[in-house]
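One-letter residues, chain by chain:
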Amino acid sequence: MARTCARRPRAAAAAAALALLAAACGGGGGDGEGQTLDVWIMEGTHPDATAYFDDIGERFREQTGAEVDVEFVPWADAHDKFTTAIAGNTMPDVAEVGTTWTTEFAGAGALADLSDHVGSTDAYVPGLTEAGTFDGGLYGVPWYAGVRAVIYRTDVFEDLGLEEPTTWEELRETAITVSEERDGMTAFPVPGDAVYQALPFVWGNGADIASSSDGRWSSGLDSAQAREGLSFYTGLALEDGVSSTGAGTWKETDLQDNFISGDVAMMIGGSWTPAAILEANPDLEGDIGAFPIPGPDGGYSPSFLGGSHLSVFNAAEDPDLAWSYVETVTNDDNARRWSEATTYFPGKRKQLEPYTASDDPLVRPFAEQMSEAGRGLPATENFGKVQGDMVLEAMLQDILNEEATVGEATARAAEEVEGILNEGS
Amino acid sequence: MADPLTTRQAGVPGAPVRAPGPRRSGAPAAAGRSGPRRPRLSARTRRRWLPWTLLAPALAVIAVLLLLPLGRVVWLSVQDYGLDNVVSGRSDYIGLDNYARLLTDRYLWTVALPNTAVFALVAVVGTVVFGTLVALLLNTLSRIARTAVLGCVLIAWAMPAVSGTYVWIWIFDVDDGPVRRLLQAVGIVGPEGYNWFAERVTFYAVAALNVIHHGFPFVAVTVLAGLLTIPRELHEAALLDGAGAWQRFRNVTVPTIRPVFAVVTILSTIWDFKVFAQVYLMPGGSGGNRDVLNLGVWSYVRSFANQSYGLGSAIAVLLTLMLLAITVGYLRTIFRDEELR
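Chains E and B, in that order, give the protein sequences.
Under the numbering used here, the letters of the first sequence match residues 27 to 451, in that order.
Under the numbering used here, the letters of the second sequence match residues 4 to 344, in that order.
Hints are computed from structural coordinates only; laboratory data are not their basis.
A portion of the hints provided could be inaccurate.
[To be verified] Here are some chain E residues pointing at chain B (derived, C-beta under 7 angstroms):
| # | residue |
| --- | --- |
| 1 | V182 |
| 2 | S270 |
| 3 | T271 |
| 4 | G272 |
| 5 | G414 |
[To be verified] Cβ pair distances, simulated, as ranges:
| # | chain 1 | residue 1 | chain 2 | residue 2 | range |
| --- | --- | --- | --- | --- | --- |
| 6 | E | T431 | B | R104 | 23 to 33 angstroms |
| 7 | B | A328 | E | T279 | 35 to 45 angstroms |
| 8 | E | D74 | B | N142 | 49 to 59 angstroms |
| 9 | B | V331 | E | G232 | 36 to 46 angstroms |
| 10 | E | T62 | B | V128 | 45 to 55 angstroms |
| 11 | B | V128 | E | A77 | 47 to 57 angstroms |
| 12 | B | L186 | E | G261 | 52 to 62 angstroms |
| 13 | B | Y96 | E | S237 | 29 to 39 angstroms |
| 14 | E | D309 | B | V152 | 37 to 47 angstroms |
| 15 | E | E353 | B | A280 | 37 to 47 angstroms |
| 16 | E | K376 | B | E202 | 22 to 32 angstroms |
| 17 | B | P117 | E | G241 | 35 to 45 angstroms |
[To be verified] Listed below are the simulated EDC-like cross-link pairs for lysine to aspartate or glutamate, each with C-alpha atoms no more than 20 angstroms apart in a straight line:
| # | chain 1 | residue 1 | chain 2 | residue 2 |
| --- | --- | --- | --- | --- |
| 18 | E | K277 | B | D176 |
| 19 | E | K277 | B | D87 |
| 20 | E | K277 | B | D294 |
| 21 | E | K107 | B | D87 |
Think of the CB as a built atom: it goes at the ideal place given N, C-alpha and C, for glycine as much as any other residue.
Assemble the whole structure, with the sequences as input and the hints as a guide.
Spelled out as structure tokens, the structure:
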């Protein structure tokens, strides 16, 4: 791999030449003068992201003299795009990195250790700093987080005299009622190409995707609890008929699209989606509500606590400039504006307080879910490969397409998860 | 074509341009110019090197764009190469381990290879047959009607593969697509519907429709060009001998434009074997449904989702070797020996 190594000095030389040229022509200004920061931000989080980042970019330019070039990347392609960029050495300087990917990219050596810049991590939400920590260093600064709960149509519930369910059995009965009473509507779709909708039914029944002891990972997917939970979840589609046939190959985006077009009564969706749903279909204003995902016999089923870090890539030409951009994006003022527009929760504890005390019906249930039953994925850099290999999606689709029983599919998935997580150990 | 070298040597605008002959080539320069005389290469050397000099830019482009990446993929395929190797630049040479792992993987023999080969066979036959039928139709049409039909055909060709795929996905939407409604209206599919994206055969049936729809215009246009070169007398003679339409097609048309069929078949085979976007973008096609991956998508998933760049490259090399073998086989059977030369 001499080529990658050889390319860096060349790029550096080109950058130096450009810098000299810029200095010769312009001169003066901040220390970022003439530089351009390449920033990747995930698409679809903020309804008007372009204006938001144009504004931040403008302020950042006034402050440092550096231009910011923001590229928006769709979530679905982002992981591939990152690995391709790392492979081709076309990484950005700063990027929004999904919290589940940070350890993976850090383990590969693509990210810069930000511990020295951050200092104490006490100010941040603990679950998020954990996800950004690898080998004792902090590689992702918590930016924002979200959690999934059940989003439903309040108008449909009112018409049919339904209450928000508080146990799995109530969830099932509610869905069956909607399905019987509303012909053109899918009561509770069970998407086969979306994992985060299924995990509450594994976790809620007390099972684990994987846990480690003495350095070896073992998967709980083939445990009795996980099988019971997944039988219930897939049974909603296969036995109770409250899902649709097409949902067997839906991604989370398909789920949301169908909810937006008014064809879905209940779905497990993120705290960030109500804003996007209303943006796409303003007719639903006032007709959507949310409740935390119920536990099997009351209480809560844990839901994935996901979010984004801001990371600085090792290839950044000016790491200090990149860090000051990260600081700008996560400062109190910008974080508040971001949260207001996206309904994501901020990554700093102090910034989070107003939300847990909110009485907004589209904020409180999520804040409750986040504080009571938020859950992370197995904290290992190899879990990205489990996701890349779509082990859990394949398991779900095999069950939903009736190519395997819950027992067969979970046994295979557990074996694959263990194989990948214990690779090279 | 004026030979640039000769023209320059002549140095006289409007001077008669001749192909450089072995003896003659130096003469015009000596006659037409009185400047300092440069030493010249012997005529024979120049004749030998001239084609290569003229080909050099094209060869350089091919080397950089084709051979370099190809060599790199082969080199990657004999390494254990992950994301950490990419970043650190370290490489672990493991010989043919990737190939051994690949060839002993049941998935290759039961899923990826059959999917790729059977799909390609169906798609190639479908594309060539349908394209030829359209070409025969176009050949019989009047000028205006031909232009109109050709215009419609070209729209299918001009549509980008990604947009086309999304249109087909929409047409076959499991819960609400036109096909579902039609089938339900005539009673073939019940109210619970049927998820054709979940089954291997139906998944690839939709993909084949997509690929044939996107690929037939090329065949139609190329075969039509061939049909137009067939002398009218041949068909008239056959007609006088009492040959029917099928006999005329089999015994006159096919032998006359056999090279055209060879070209469209080989190109279609190559395209359909390495089809990627049309499979990857379909529901479940990006890895969630393990039964529907083909070699191209499998290679991509192994490389970029699973970050086993070595294994992914080995799959890609395997695919390339298969295509090479098939192409050589085709060329041998379709062309007679003298046509190959």
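Results for each hint:
no. : hint                                : result
1   : V182                                : violated (18 angstroms)
2   : S270                                : holds (5 angstroms)
3   : T271                                : holds (4 angstroms)
4   : G272                                : holds (3 angstroms)
5   : G414                                : holds (3 angstroms)
6   : E:T431 - B:R104: 23 to 33 angstroms : holds (29 angstroms)
7   : B:A328 - E:T279: 35 to 45 angstroms : holds (41 angstroms)
8   : E:D74 - B:N142: 49 to 59 angstroms  : holds (56 angstroms)
9   : B:V331 - E:G232: 36 to 46 angstroms : violated (60 angstroms)
10  : E:T62 - B:V128: 45 to 55 angstroms  : holds (52 angstroms)
11  : B:V128 - E:A77: 47 to 57 angstroms  : holds (53 angstroms)
12  : B:L186 - E:G261: 52 to 62 angstroms : violated (27 angstroms)
13  : B:Y96 - E:S237: 29 to 39 angstroms  : holds (36 angstroms)
14  : E:D309 - B:V152: 37 to 47 angstroms : holds (44 angstroms)
15  : E:E353 - B:A280: 37 to 47 angstroms : holds (40 angstroms)
16  : E:K376 - B:E202: 22 to 32 angstroms : violated (53 angstroms)
17  : B:P117 - E:G241: 35 to 45 angstroms : holds (40 angstroms)
18  : E:K277 - B:D176                     : holds (14 angstroms)
19  : E:K277 - B:D87                      : violated (30 angstroms)
20  : E:K277 - B:D294                     : holds (17 angstroms)
21  : E:K107 - B:D87                      : holds (16 angstroms)
The structure does not agree with the numbered hints 1, 9, 12, 16 and 19 stated previously, though it agrees with the rest.
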